[in-house]
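So the protein sequences, as listed, match chains A and B. 1 is the number of the first residue of the first sequence in our numbering; add one for each residue after it. 1001 is the number of the first residue of the second sequence in our numbering; add one for each residue after it.
Don't take each hint at face value.
[Said to hold, decoys possible] Cross-link-like lysine to any residue pairs, in silico, SDA-like; alpha carbons within 25 Å at most:
#, chain 1, residue 1, chain 2, residue 2
1, B, Lys-1167, A, Ser-77
2, B, Lys-1203, A, Ser-70
3, B, Lys-1167, A, Ile-79
4, B, Lys-1203, A, Phe-110
Please keep in mind that the hints were generated in silico from the structure rather than gathered at the bench.
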Amino acid sequence: MIDLTPLWLSLKTASAATAITFVLGVLTARWRLRYKHRGLDILDGILLFPLALPPTVIGLCLLMIFGRQSPIGEALSSIGVSIIFSWPAAVMAATVVTFPLMYQTVRAAFLQIEPNLLDVARIFGFSEWRIIWVVMIPLCWTSMTAAIVLSFMRALGEFGATLMIAGNIPGQTQTVPIAIFFAVESGEIGQAVILSLIIMSISVCVVFLMSLLSR
Amino acid sequence: MKLKSTLAMITGLTVPILTVAIVSCAKRDELTISAAISLRAPLLEIANKFNLTYPHSQLVFNFGSSGSLRHQIENGAPVDIFISAASDDMETLLNKGLAERNSHKSILANSLILITHNSNNTINNFADLNKPSVGKIAVGEFNSVPVGRYAKETLLSMELLEKLRPKLVFAKNALQAITYVQSKNVEAGLVYKTDALKSKNVKIVATVDPSTHRPINYYRAIIQNSPQSELANTFLHFIEEKSSLQLFQDYGFRTVAADPAAY
C-alpha cells in the first residue's frame, strides 16, 4: 500500500529544523541589533548567502565540511559521530537553507521595535533574555508567524541539500521530496502522486492560515 | 536613429535564422544512443573510433540509469538505440512496441562486487558487513536501478537483507555508490566490477557469486521508428567487432556469445 513514512519523517525533520532555525535566527537578530558596526553588514551578507545558492551547492559545501574526508569529519568520526547519511544531517540541511529566511524576517521585525519599549522593560528589571522572549517576540508576532511558517514550508520542500548529505535512506532520511523523486524513477507514480497531493494540501492549508492570521 | 534600430532588428532576426539553416544543412547523420551509465567509458572510446571510420556520422550519447532512460523513451524522447543494463527495462519497451524485437540482443555481461575504501582493513567478506563498525553500506536504489535490483537479489539469497537493511544508503546509480565509498561516508558498497575498476581509491573485497542474482547482461535494441535505423545497425555491428569486444573486456566486462534473449 501507500507508504507514509516519508511524510512523518518530513514533518519531524521540518519541525526540528524550524525550531532550531527560530532560536538561532532570533538570537542572531537580537545580537545584531546590539552591534551595529558597518563591518557587520558583511556578516549579514554571509548569513543570508544560502538564500542565493542552489541547494545542491549548499549540500556540497556541507558535505565537504562534515564529510569523513575533512578535518572536522575525521575528528567527529574518531569520537564515533557520523553525521553524513543520518537523520541529523537531514535536519542540518533543512536548518541551513531556512536560516536566511528566518534571519531576514526576524531582523526586519526587530528593527521595527520601538527601542524605548525595551528600555521600559529593562527598568522593570527584565533580564535581556526575558526581554527577547516576553517582549520582543510578542511585539512582532505577525512577522514571527510568517517567518516560522515560511521556514517550515521551505524545510518541508528541501531536496537538493538533503539528498546530498543525508542520502536516500527509507525510514531515516527519505523525506517526502526524496521519496517522490525515487518513486517516479521506479515508476511508482501512484505513490508519488499521493505524497504530492498530501504536501499540496498541507501547503494550501498553511497559506490559507497565513492569510487569516495576517488580517 | 530609426535606421539603426531597423538594422539591429534585421540582424537580430537573420543571424539566428541563418545559423539554423546552416546547421541543418550540414550533412551529418546524428545517432542518439541512450546507454546504461556503466557503459560510458568504453562506449565513448568506441565512439571515437567509429567517428574515424564513419566521419559523416555524429554520435550523441545519453547516459543514465536504465530505468530513467526507459522512462524517457516511453515519454517520446528521440532516441535511436537503447542499451540497457537490465532485462526488465528492455522487456518493457519491447512489450510496448517501442523497441524493435528483431534488433534485440544481449551483448555484454558484468559482475557485482563488494568494495570498500582502500584504507579499510576491517571488511574482508560479506559476513563482516554485520560488524557494528560497519555503519553504512551503499547500494543502488532497489526499485529504480539495475545495480540496486541485483544487490537486493544477492542480499536476499545470502539472507543478509533484513539484517543489513538499516545500514543501506540508496544511490541513484553505481557511480554514486562508489563516490559514497570513496568519500568514506559509507564503509562498503555493492557495485559493478567495471565501475569499481575505474576508481583508484576503492578496492574489491569480494566478487558476488553469480548464482545469487539474475545474470547481469546488457541488452541492446533499435528504437521503433528510428529515422536512422541504417546507421544504427552499422553502429551496432561496429560495437560487436572483435576490437570493440576486446575494448569492453579491458574495461572489465565479459562478452556474451551472440544469442538473442529468450523472450
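Query - Hints that the structure is at odds with (numbers, increasing) - result: 4
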